[in-house]
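These protein sequences, in sequence, are chains E and S. Read in our numbering, the first sequence has 456 at position 456, and its numbers run on one by one without any break. Read in our numbering, the second sequence has 1043 at position 43, and its numbers run on one by one without any break.
You may find that some hints are simply not true.
[Said to hold, decoys possible] Label-pair restraints from in silico Cβ distances: (1) E/G478 to S/G1072: 39 to 47 Å; (2) S/T1093 to E/I88: 29 to 37 Å; (3) E/K572 to S/A1031: 51 to 59 Å.
[Said to hold, decoys possible] Think about it this way: if two alpha-carbon atoms lie no more than 35 Å apart in a straight line, the pair counts; the simulated DSBU-like pairs of lysine-lysine are: (4) E/K639 to S/K1101; (5) S/K1100 to E/K693; (6) E/K311 to E/K639; (7) E/K337 to E/K449; (8) E/K311 to E/K572; (9) E/K383 to E/K311.
Hint data in this document are derived by calculation from the structure and do not stem from the laboratory. Cβ coordinates follow ideal geometry from the N, Cα and C atoms, glycine included.
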Amino acid sequence: MLSSNPIDRYSWRNRQTITLGLLSNLCLTNAASKKMVMAAENAKPSIPGRISAVIPLGLFVTLIYFLPQVTAGTVFRVQLNWIPSLGITLSLVIDGLSLLFGLIICCVGFFVTVYAADYLPESADRSRFFIYLHAFLLAMLGLVLADNLLSLFVFWELTTIISYLLIGFEYESETARRNARQALLITGAGGLALLIGFLLLGGITESYDLSRLSAQSDKIKADPLYLVVLLMVFIGSFTKSAQFPFHFWLPNAMSAPTPISAFLHSATMVKAGIYLLARLHPILGGTAAWMGTLVIAGGITALMGSVLAIKASDLKRILAFTTIMALGILTMFLGGKTTPALTAAMTFLMVHSLYKSSLFLAVGIIDHQTGTRIIDQIGGLWKPMPITALATVAAALSMAGFPLFFGFIGKEIMYKGALTEDLFPVFATTAALLANALMTAVAGLVTIKPFLGVLPETPLEPREAPVAMWLGPVFMGGLGLIFGIVPDWVGHWLIEPAVRAFHPSMEDIQLKLFYGINEPLLLSIATLSLGGTLYWKKRPLRRFIGYALTHIPIRFEQFYSNGLDGIAKIAKIQTAILQNGSLHRYLCVIIAAVVLGVGLPFLSDYTPPALMQNSDSSLTGWLVIGIITIAVIAVVMAKSRLLAICSLGVVGAGIAMLFLMYGAPDVALTQLLVETLTVIIVTLVLLRLPSLKACRPTPSPVKIWNGLLAVSIGTMVTVLILAVTRTKLDRSLTNFFEANSYIAAHGRNIVNVILVDFRSFDTLGEITVVALAGLAGYALIQRRKVD
Amino acid sequence: MPSQILKTATRLLVGLILTFAVYLLLRGHNAPGGGFAAALIAGTGFALFAIAEGPAVVRRAIRMAPQKIAMGGLGLSIGSGLAAPLTGRPFLTGIWWIWKKGHTQELAIGTPLFFDVGVFFAVLGTILTLILALEEN
């Protein structure tokens, strides 16, 4: 359950520190090393990176422009034809739900961009970083704005791929590469499952438009394939949103640079699964299967995430586990169908995005300014870093759910939602209570431990971060406080429209600071006191969790790595059998496969063809056939390679003549030219081989086998052609091209018109293959030269 | 050491072969020929040239790395297809310019012609890449 591999503890300045540390040993004095460390701190921020922050900012302002009308209930739709022949449109929708997600994406995206421009050292490939970052931002926006299942899927896959590139940003590190691959394989496999689900859904309703699907909700739920669709959608969203049992990739994804962890792996990409569940709620939701699965899976994920968070000691890893907890809570509440449950999901989504991204950025600051983020190695940082401390405390108080903070509102509505769940309300309430209490303890862990107490010796001398870096944490931490003071405002403008978008029958619900003494308030008080106790008893608690974890025998990550090893082993065995480097073996495999694959099914209902049904063969025809036969015999009997090649060329030329006689000049021309060129190229290769006489003669069994194989493929092709020519030719395509080639494409040569005009897309694919094959062949030849 | 006869004959033949290749390329839309066939002929011509004079002479004669010729051809084909989206039609739709002379004669030049020229260079570049590398090996 617990991933056992150590997280990549690489940090940007760590690398500099290590190299500088080595240097300082050479420089003899400590003072010199201090100076050089200071030099590293004064790294210039990336100006293009800072400028690129206008992208998220501009998008944010654009989305804000829609806010008043969306709040009033308007839904904006834009439609572009994309692949009209397949019914795929690029349609975008701006309603409450997509607007809320869009605003979160752009807001966090803006601060992360500004932050990263200072965070990344000059030695890093910063332009690549910002290109990935903004590409991700656009893909993620596309995902939440898509109004068509297939375009949603395309954006979904794009976010997976860019996440892969960003986790593996430090591609020279083995750990980063492995973690990136793990995230790609898991979320990618989930994406494939999702595609199956979407296609089935399209099959049931004959539409991929989300807006049309919700009208057919009853039909979908009554369909026998409903459960399969549900399963596929769940696999997709659970892998993306790191739900149990696919959760283990997320903590490993922390090998990405910290701004990326803050952006992709806490605030946006991992919420894509949540978004999908919300979007599909009116289409698939409300059934027992939906509610049961989501409440149970979400509850387990939330509990497991918070337990593991207490145990971890790397600050980033702690935050990753709390993200898993938050995603579990969100999934659990999207399992419900009452207004409080769904409102709880959307409120907590906002709460979490604000506090978690500011916490991640703050941890990045600690890491950047002290050189470590191991919780036992830092303390007393409030003195050198007061602003970061303030932002962290604000975010952590929201996370713990203290009154006056937005997190408190989130928790109140959460308990209200849990108590009104249709299915398993007791389980949901208990899970929420325990997870929240553990979260309170974790909030203590990430603030009290690093910022209070005595300042130990850290790898770097801690100093306050530049403005660009603390701006985001302060702003988003501050929003957590402001939103907590005016919850009705946030509820009216952002949360209510979002819930209404996927829950039209929503009752009015008001977010208030104080509802009076009721069950949620009592539960909140219980959470805070339980959380305080857990924090107080954190040492025995962590020991106990550690002890318990070593005694749980199931490790899901182990399944993953065993599966991966298995695939690699099978690939190795298969390569050794099929592609052992001997060209003779390759040819045998290919020919045998064709004979067996095409010939055997053909034999099963075979009627012998009547030869010479319409004997139009002329004397010239027989002459050409005679030449071909003699050439074939010459190839087989030839004692030198040159003679064999030339005879083979004669065979090809003879076939070209047959084409010419049957009225296909273009094919004949091409055949003749290809044959000529083949002879030249093969000669160039074969002339470098030792002469046939000097070679060891081929043993007879191999000769017999080769002969059998040659005769069988020849027979098969002959019989096949005879059978094909007996069937009636469908001339409708030919007629179309004959009629249109001159009128539409100004050409009399139909073959060429088809190649360069009617089917030019195919030709483009073919010449791409030709050019790439040429490059690959060139690389092989060059490699031989080097060897 | 290649024979003097082959060398002399090649000098005459290569020019003819290449001219014929261009002829086939241009007439392809109305009669047998086209970019692919023309590239094979030109490739054969260069192969003959390489056998007679050695690959280094051919490399000097074509001035450009053959891989670049192939990629340039691919780029030209894609580019000819991109003309259509600029005018709002699907990728690779043929666009034609037609000059009329009198009532009977007309000259039609369209993006498919450039597409075919792209095919020519893509295939020729690939053939040259392989033949020259093999000769040098």
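These are the hints, each one checked on the structure:
no., hint, in the structure
1, E/G478 to S/G1072: 39 to 47 Å, "violated, 56 Å"
2, S/T1093 to E/I88: 29 to 37 Å, "violated, 19 Å"
3, E/K572 to S/A1031: 51 to 59 Å, "holds, 53 Å"
4, E/K639 to S/K1101, "violated, 62 Å"
5, S/K1100 to E/K693, "violated, 66 Å"
6, E/K311 to E/K639, "violated, 77 Å"
7, E/K337 to E/K449, "violated, 40 Å"
8, E/K311 to E/K572, "violated, 39 Å"
9, E/K383 to E/K311, "holds, 27 Å"
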